[in-house]
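Novice: We have chain G already, so just place chains E and U on it with the hints.
Protein chains in written order, with numbering that gives the first Met the number 0: chain G, 0 to 216; chain E, 0 to 155; chain U, 0 to 256.
These aren't lab readings, by the way, just hints derived from the structure by calculation.
A couple of the hints might just be wrong.
As the list claims (entries may be wrong) - Here are the simulated DMTMM-like pairs of lysine to aspartate or glutamate, each with C-alpha atoms no more than 20 Å apart in a straight line:
hint, chain 1, residue 1, chain 2, residue 2
1, U, 248, U, 55
2, U, 248, U, 52
3, G, 148, U, 168
4, U, 248, U, 180
5, U, 177, U, 101
6, U, 177, U, 106
7, G, 148, U, 145
8, U, 177, U, 209
9, G, 148, U, 101
10, G, 148, U, 187
11, G, 126, G, 107
12, U, 121, U, 52
Model, not experiment: these values are computed from the prediction.
One letter stands for each residue in the lines below.
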Amino acid sequence: MHESSRSGRRLHPLPLRIMHWVNAVVMLVMITSGWGIYDDDVIIRGFHFGSFWRLGDWAAWSLNWHFAGMWFLAINGLIYLGYGLVTGRFREKLFPIRPAELVQTVVDTLHFRIAHDDLTIYNAVQKLLYIVVILAGIAQVVTGLAIWKPVQFSGLVAALGGFQTARVLHFAGMAVIVGFLVVHVTLALLVPKTLLAMLSGGPRLGVSAPDKEEPAR
Amino acid sequence: MKRAIVSGALAVAAIAALAGSAWAQSPTPGGMPPPPGMSLAQSAAMRFPQPVRVGDLLGRAVLQPVESQNVLGRVRQVVRNPDGEIMVVIAFGGFLGWGTRPIAVPVDAMVLLGQDMEVVAYTPDELRRFPTFVPGGSSDVADDTIIRVGLAKPSH
Amino acid sequence: MRSRFRPDTIPDASVLESHKPLIRSLERRGLIRGGVSLGALAMLTGCDVDRPESVESALLAISRFNDTVQAWLFDPNRLAPTYPESMILRPPKFNAYYDVTEVKPVDGASWRLELAGLVADKRPWTLADLHALPQRAMVIKHICVEGWSYIGGWTGVPLRTLLERCGADLRARYVAFKTADDYPSSIDMATALHPQTLLALKYGDETLADPFGYPVRLRMATKLGYKNPKWVTAIEVTNTYPGGFWEAKGFPWFAGL
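For reference, chain G alone in the conformation it holds in the complex:
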């Protein structure tokens, strides 16, 4: 990575930024087309998504969006997971989470003390939220596979508790991701420099410290 050799690695290296924004678009496609599919047989009786919220003007096109988006979501997600593991980014950014730190951050947030002076360090709540949403994304792929191919992957469906349970889990996973999105986007707008950092790459990291975290290339 020539950026680091110049003047220190960026907080968000270019590949990561690309993956982030690809994921942002694909997630929107998957969520809103999923709402279109949901409406044909609601899971929560009495609740359906208005046409404003649905991608695809009726079920066939919501399905086509969903079954097209799934490839981009899965491939982008796999590259992201590989990148996070191989570069050590997950280990560096998301761990460890200390319970005391978690409580302190929640207390601080409730007092409207949102500390974002140093963008390069995630607080405990951020770490937890990122881990939860990454796991939710993986879970969506797994439950999605079960719903898509309940005969070919009948063992998976049985492990999830049956076809209808898999559907409910797929819906619940969506709810977790949407919940994350609400918090994530709100915070990004409240602290705009975090949003800018995901566009520009953010501050350059000190040449000394994080470099030794990186595996040999």
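Specialist: Just chains E and U now, with coordinates in the frame of chain G:
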């Protein structure tokens, strides 16, 4: 490049917001009320009434034939009223099963929709004006009795 | 003050006159009546606002790619889970592209199953002929693309048996169906030969009822509900993609479970 990605995201958001012409999947939505002037029995006869065991109806959700599938209540009992008509006693209204009251709806006003039932001949407002069911004069229909109930396609 | 958007030279009023026939013809087509709305824009482009032609064809291309992936994922030897008879939903759930009141019952006595395409013996089959063939029963989950599902019990002739008896080319790509309710459908040969693909004559030991496809319907344990035509009247074995009712409206063709 960055800008392209951002505008892409915005475009998708805009597309998602615009999504929604009136084209529905069903040219004829299921569970339409009977045409005006037609008796309940006549309209039920058009719905290919199928044999069903009374015991299999108990506990079923009773839905409103709309996209959001609002739950109107649950089947509590099937009775024959003094006129000999089969009525479905529904634990009606309330919230999540709390605060319901029993009402008796003619079986010909209802249809089978898979594991659920629907009321096609009355709106929820009309059902709200139904008197509370009192057993006097009606006789319980045994679980093993086979009755015939019409069908409807899903509404959406 | 004069608007900056006003043209410097005003066109002659006769221009309007010369364009009247065109305007009238446009009016007749309802384009102007539609007004300058998103709806009219959608009509002009021939498709919906959220689905421009380029997006639509890209989505359909991916859908066709998905058909290939699904055919590759399909294991002809894998059986769908089956259930005890006590779990059969009686009666089954009705669905069609119209409501049940529009169902037109078919007369079983005069009904014939026509055969066409890559088939050696094209003699039509009667209902009695089908009943005389070996039968198979299965209690399987019916899964609709809409998301709902129920357990149904179906008895009938394995489609494979019929195809073998009439000398169909089992290496052909597609098996297509015509029905009494104008609901054309087609499946891949691998699924047609799957042991849980039946020409169903009975539901839970009773003769199939009118709304569920009497006298004969297709039931497959390995495809979504909409791939199972009711009131089947003709079967064609072919190498030319036959499509189907919902497929023509954009739904995926393979639709395997």
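Novice: Decide if the proposed pair is consistent with the structure: residue 148/G and residue 101/U, CA atoms, cutoff 20 Å inclusive.
Specialist: violated (33 Å)
Novice: For the pair supplied as a hint, residue 177/U and residue 209/U, confirm whether the alpha-carbon distance does not exceed 20 Å.
Specialist: holds (17 Å)
Novice: For a C-alpha distance cap of 20 Å, please report whether residue 121/U and residue 52/U respect it.
Specialist: violated (41 Å)
Novice: Would the pair residue 148/G and residue 168/U pass a check requiring their Cα atoms to be no farther apart than 20 Å?
Specialist: With a Cα-Cα distance of about 28 Å, the restraint between residue 148/G and residue 168/U is violated, given a limit of 20 Å.
Novice: Is the straight-line distance between the alpha-carbon of residue 248/U and that of residue 55/U 20 Å or less?
Specialist: Holds, because 11 Å separates the two Cα atoms, which is no more than 20 Å.
Novice: Given the hint that residue 177/U pairs with residue 106/U, test it: the Cα-Cα distance must not exceed 20 Å.
Specialist: With a Cα-Cα distance of about 16 Å, the restraint between residue 177/U and residue 106/U holds, given a limit of 20 Å.
Novice: Given the proposed pairing of residue 148/G with residue 145/U, does the C-alpha separation stay at or below 20 Å?
Specialist: With Cα atoms ~14 Å apart, residue 148/G and residue 145/U stay inside 20 Å; holds.
Novice: Hey, residue 177/U versus residue 101/U, does the alpha-carbon distance stay inside 20 Å?
Specialist: holds (18 Å)
Novice: Taken at face value, is the distance from the CA of residue 187/U to the CA of residue 148/G at most 20 Å?
Specialist: holds (17 Å)
Novice: For a C-alpha distance cap of 20 Å, please report whether residue 248/U and residue 180/U respect it.
Specialist: The given pair, whose Cα atoms are some 17 Å apart, holds under the 20 Å limit.
Novice: Within a Cα-Cα threshold of 20 Å, do residue 126/G and residue 107/G meet the stated pairing?
Specialist: Holds: residue 126/G and residue 107/G sit about 16 Å apart, inside 20 Å.
Novice: Sort out whether residue 52/U lies within 20 Å of residue 248/U, counting only the CA atoms.
Specialist: holds (14 Å)
Violated hints for the displayed structure, listed by number in ascending order: 3, 9, 12.
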